[in-house]
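> Put chains Z and E on the given structure of chain D with help from the hints.
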Amino acid sequence: MAKQVDALYIYLLLVAGVMTALIFLAVLVLAIRYRRRRSHEAQQIEGSLILEITWSIIPLFVMMTFFIWGAVIYFQERTPPADATEVYVVAKQWMWKIEHMEGQREINELHVPTGQNIKLIMTSQDVIHSFFVPAFRLKQDVLPGRYTTLWFKATRPGRYHLFCAEYCGTMHSGMGGDIVVMEPQDYAQWMAGGSSAPLQDTGKVLFSTLGCATCHRFDVQGRGPNLQGIYNKPVLLEDGRTVIADENYVRESIVNPTAKIVSGFKPVMPTFQGIVSDEQLNALVAYVKSLSQPPPGTAGLQSQPVPSGVQPQNMQVQ
Amino acid sequence: MHDSPATTVEHEAHNPALLHHFADAQQQKNAASLGMWLFLVTEIMFFGGMFCAYLVYRLAHFNAFAAGSQQLSIKLGAFNTAVLIVSSVTVVLAVKAAEAGKRKVLVGYLVVTVLLGMTFLVVKGFEYAEKFEKHHVPGPTFGFTDKFDDNGKQISVNPKEAELFFSIYFAMTGMHALHMIIGCGLFSVLAVLAWRGHYTPGYFTPIENAGLYWHLVDIIWIYLFPLLYLISRHS
Amino acid sequence: MATTAIPANQAPKLNYLNNGHSLKSWLLTTDHKRIAILYLISVTVFFFLGGFFAMLIRLELLTPQGDLMQADTYNKVFTMHGMIMVFFFLIPVVPAVLGNFLVPLMIGAKDLAFPRINLLSWYLYVVGGILISHVMLTGGVDTGWTFYTPFSTEYTNTKIVEAGLAVFIAGFSSIFTGLNFIVTIHRMRAPGLTWDRLPLFIWANYATSLVMILGTPVVAITIVLVAVERLFHLGIFDPRLGGDPLLFQHLFWFYSHPAVYIMILPSMGVVNELITCFSRKRIFGYKFIALSSVAIAVFGFLVWAHHMFVAGISLYAAMIFSFLSFSVGVPSAVKVFNWTATLYKGSISYATPMLYAFGFIGLFTMGGLTGLMLATIGIDVHVTDTYFVVAHFHYVMVGGVLMGYLGGLHFWWPKMTGRMYPEAWAKLSALLVFVGFNLTFFPQFILGYVGMPRRYWQYPPEFQTLNVLSTAGASILAAGYLLPMIYFVWSLRYGAIADPNPWAAAGLEWKTTSPPPTFNFDETPVVTWEAYNYDEIPPWERRVPVAR
Chain D
1 MAKQVDALYI
11 YLLLVAGVMT
21 ALIFLAVLVL
31 AIRYRRRRSH
41 EAQQIEGSLI
51 LEITWSIIPL
61 FVMMTFFIWG
71 AVIYFQERTP
81 PADATEVYVV
91 AKQWMWKIEH
101 MEGQREINEL
111 HVPTGQNIKL
121 IMTSQDVIHS
131 FFVPAFRLKQ
141 DVLPGRYTTL
151 WFKATRPGRY
161 HLFCAEYCGT
171 MHSGMGGDIV
181 VMEPQDYAQW
191 MAGGSSAPLQ
201 DTGKVLFSTL
211 GCATCHRFDV
221 QGRGPNLQGI
231 YNKPVLLEDG
241 RTVIADENYV
251 RESIVNPTAK
261 IVSGFKPVMP
271 TFQGIVSDEQ
281 LNALVAYVKS
291 LSQPPPGTAG
301 LQSQPVPSGV
311 QPQNMQVQ
Chain Z
1 MHDSPATTVE
11 HEAHNPALLH
21 HFADAQQQKN
31 AASLGMWLFL
41 VTEIMFFGGM
51 FCAYLVYRLA
61 HFNAFAAGSQ
71 QLSIKLGAFN
81 TAVLIVSSVT
91 VVLAVKAAEA
101 GKRKVLVGYL
111 VVTVLLGMTF
121 LVVKGFEYAE
131 KFEKHHVPGP
141 TFGFTDKFDD
151 NGKQISVNPK
161 EAELFFSIYF
171 AMTGMHALHM
181 IIGCGLFSVL
191 AVLAWRGHYT
201 PGYFTPIENA
211 GLYWHLVDII
221 WIYLFPLLYL
231 ISRHS
Chain E
1 MATTAIPANQ
11 APKLNYLNNG
21 HSLKSWLLTT
31 DHKRIAILYL
41 ISVTVFFFLG
51 GFFAMLIRLE
61 LLTPQGDLMQ
71 ADTYNKVFTM
81 HGMIMVFFFL
91 IPVVPAVLGN
101 FLVPLMIGAK
111 DLAFPRINLL
121 SWYLYVVGGI
131 LISHVMLTGG
141 VDTGWTFYTP
151 FSTEYTNTKI
161 VEAGLAVFIA
171 GFSSIFTGLN
181 FIVTIHRMRA
191 PGLTWDRLPL
201 FIWANYATSL
211 VMILGTPVVA
221 ITIVLVAVER
231 LFHLGIFDPR
241 LGGDPLLFQH
251 LFWFYSHPAV
261 YIMILPSMGV
271 VNELITCFSR
281 KRIFGYKFIA
291 LSSVAIAVFG
301 FLVWAHHMFV
311 AGISLYAAMI
321 FSFLSFSVGV
331 PSAVKVFNWT
341 ATLYKGSISY
351 ATPMLYAFGF
361 IGLFTMGGLT
371 GLMLATIGID
381 VHVTDTYFVV
391 AHFHYVMVGG
401 VLMGYLGGLH
411 FWWPKMTGRM
421 YPEAWAKLSA
431 LLVFVGFNLT
441 FFPQFILGYV
451 GMPRRYWQYP
461 PEFQTLNVLS
471 TAGASILAAG
481 YLLPMIYFVW
491 SLRYGAIADP
501 NPWAAAGLEW
511 KTTSPPPTFN
521 FDETPVVTWE
531 AYNYDEIPPW
541 ERRVPVAR
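Protein chains in written order, with this note's numbering: chain D, 1 to 318; chain Z, 1 to 235; chain E, 1 to 548.
To be clear, the hints were calculated from the coordinates, so they are not data collected in a lab.
Yeah, the Cβ is synthetic: ideal placement off N, Cα and C, and Gly gets one too.
Cut-off 25 Å, straight-line C-alpha distance, at most; resulting in silico cross-link-like pairs (PhoX-like, lysine-lysine):
1) E:K24 <-> E:K13
2) D:K260 <-> Z:K153
3) D:K266 <-> Z:K153
4) Z:K75 <-> Z:K131
5) D:K266 <-> Z:K147
6) Z:K147 <-> D:K260
7) D:K92 <-> D:K119
8) Z:K29 <-> Z:K104
9) D:K3 <-> D:K119
10) D:K233 <-> D:K266
11) Z:K124 <-> Z:K75
12) D:K97 <-> D:K153
13) E:K159 <-> D:K92
Residues from chain Z that keep clear of chain E, each with C-beta distances beyond 10 Å, as calculated:
14) A25
15) Q71
16) A82
17) T119
18) K131
19) F132
20) D149
Partial selection, computed: residues in chain Z whose CB lies under 7 Å from chain E:
21) N30
22) A31
23) L38
24) G49
25) V56
26) P138
27) G139
28) A171
Chain D with its partners taken away, still in its complex shape (with noise of 0.2 Å):
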């Protein structure tokens, strides 16, 4: 992707340069040849459609290549692939913090081995920040109440520089760190040095002890939906509205349970807001996708992506 920039890049730098040049060029060689001298008198030309039509038809042109090449590009940056292996990020002033699927936690750094399709699932605590990696050509903000995505494929092992993008208070420019990655075999050896329980596992822990499992039951219908196989799937509310349960449906669900009632459902939920933190909220959202996936042994798989006749209502944001 990071190539792919680039060459978009030199393709602009290549207009643009030759733009200039003849601009300029022009404009020092009409300076010269046409300063003033007794001899001379200036010609009084009054225009020329034609020179208008053709100097504005080309640039546009030419401006439209600029502009499908780019969205091209954008296009596949943001549509992460179904495969990608999730991490969640929580920023806050003044640092990264980093979890894992299978539990690890990192401060400012983030270890992804090559070859794999990462998707970077990212909220900040307190005000907007954003990820950016020069080496990926990436960059997403990270957003105080919702989700915002990155997907990425690192192709080379290397230590490459974090940086926080949007300012956000004094120590902006110290919010720093690394994307370290690794060849498969040393992510491996990596991951295994870690002692946290896998992100859904908490999240099942949390799901029992905050007492979600008491109206939301897999065994008998409850007050409150069965959760299993609900990810990403569509899901009908109260007032006839039709939305895809995604990470952003399931964090709101549990921040703010009154915004969206599932049809046939009393509005009876209490909100969790101020009572889960920001990773605990990841926890829960991992493990209710996890109730989605298929039995283990087929692990980083997701589940079907959405169906394509159903319009989602709130996919704001990839």
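Below, chains Z and E without anything else, positioned relative to chain D:
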């Protein structure tokens, strides 16, 4: 205003209200009119930002907005709407009186307009007081337990979203009220000047332009009333 | 009162400058020319204040560590630099200084439509300026000039409300100026001066005024909402209270993008006047340049979310705004081509104003092309919020707006003051500005692409070389700006006395004395000629002597 001590040039007699940089009274009047219309456009853009915020949040949190809206008094809102519409009529009549040179009638209508405006503000004051008592003023004292009554079905809403409704309610009606106060002040000043005979059939532009301002403030209320008071009152 | 008319050739040299010397006659003036001079003094003060902060920034960035000042101080310094430069220099400068002075003169009017509102505009500017200075002296603001929420509403401890009030008040100064210009241009043109005979500087100010009155109120209400949220803890933009931080960004950029067209359009207007005069030619493509000004003003309102490509907007919204952003590039390109074509078969001289015009064309082209790069989303994702953007907007703001302003200031200086500036020093300054500017900001394009984010107090050591180059350039640039301060002031006392039309230029402003009398024209002109009628105006060397 224009002091040119050394060169005094021969000077035709003209309406004392004509300013010297204009070629004639018609140009001055046209300029003043265009200026006032442009100013009104800026006011529309100003309120437009708040209408935009309202739109975004109403779409996102309809139930809470409806619940909040049901806590407002339609009777008082409708009364205020009627008061403002009548005041726009009195403004038009004031302009007509100015055009006809009827000084006392002009002053009368200006005063009535101010009184109607103040009536509006007093009623608004009562409404705000009621919101204060019911703890519907956003901030640390806010509390909201009412439900959205959707044709008999009681739907609970998130108090935070209801607080958002009231934030927008106070911001928009507050800004509107501020403009009303300015309008009342304007018309009071004009009433005094009119009493002193400043306005003649040949020159009553300030009355017209202040009238335009008042009509805009009125129109803004006519949008605010249904948007704030009548959410989902369609049955 | 005496009513004798005084023949012009016996009249004492009475002009707007010496028509009343008391402080009151200046501070209570309604003469648009005096108000322009009042603005000239105030914007220059703020320019140097903003420039002082810029110097602090560049000094800190000489080294990778934050060693000159604390992080919080640095954050306040770049915020104040931005706020002062944007709201108190770039937005008012050309309309309030050159526009105020020239608009009535160029259309043959005695004054603007609303002279007292014009004075009010200046006082609003001054009050806003005093407030922002007070903020600066009592701790400053540290949110960046863009004061994004929720940082600005819930997290910072600095004086946001007061700074917001300062900008709010200055915004009304802008609105009233725009209102004044529109009414003046519509209603007070001299007989015979139809729209297609207007100098393009007037068209430019007209388009700018449209943007001023439509856009500024939106930022005004945004500031009100931020203040309200901050003071009363309402949840308009804070997600913890149910609000949406992106709504702030939309409202903010809805004004702040058109704001940059408020800055550049009048400068483009100046360039028209300079290119035609110093090539002794009519402008190439008059209609197209006039219409492109209006097109830029209109399209400028449709592109705001290109500042938000990575902010969390939907993929489709991003694509639409990218597409629309290119549309603004076309009228700008059309202007550049038309100016270049105007040079063809002209009779070109190289007075300082023309040098600034050349500089404008070159640097605006570069700034504009890098803008197109930013509109290309695939690139923007990488370079947004880095020094690439900083370089881009300084190219168009400083390489564009400021060069246009300086060119105009030099061009109309004799008209405004009755004195000529020293040409050799002026040429030297123009050269210093051009060289210093490029050295300061070109390295920043590279810095941005290799990954240095903006608003960084400290940075990784590998970025140091480019930063040092940039700071070196800034010192040259500073010299280039200080010199005109000195020689312009010098010229007021010692400069050569100026002819009414020292450039043999077209335009009604040159048909009156330098400086003009208070009421501009002894008799209202009647216009029967096209704009830029250089075929009818002999150059300076062959001018027809006029009875003085």
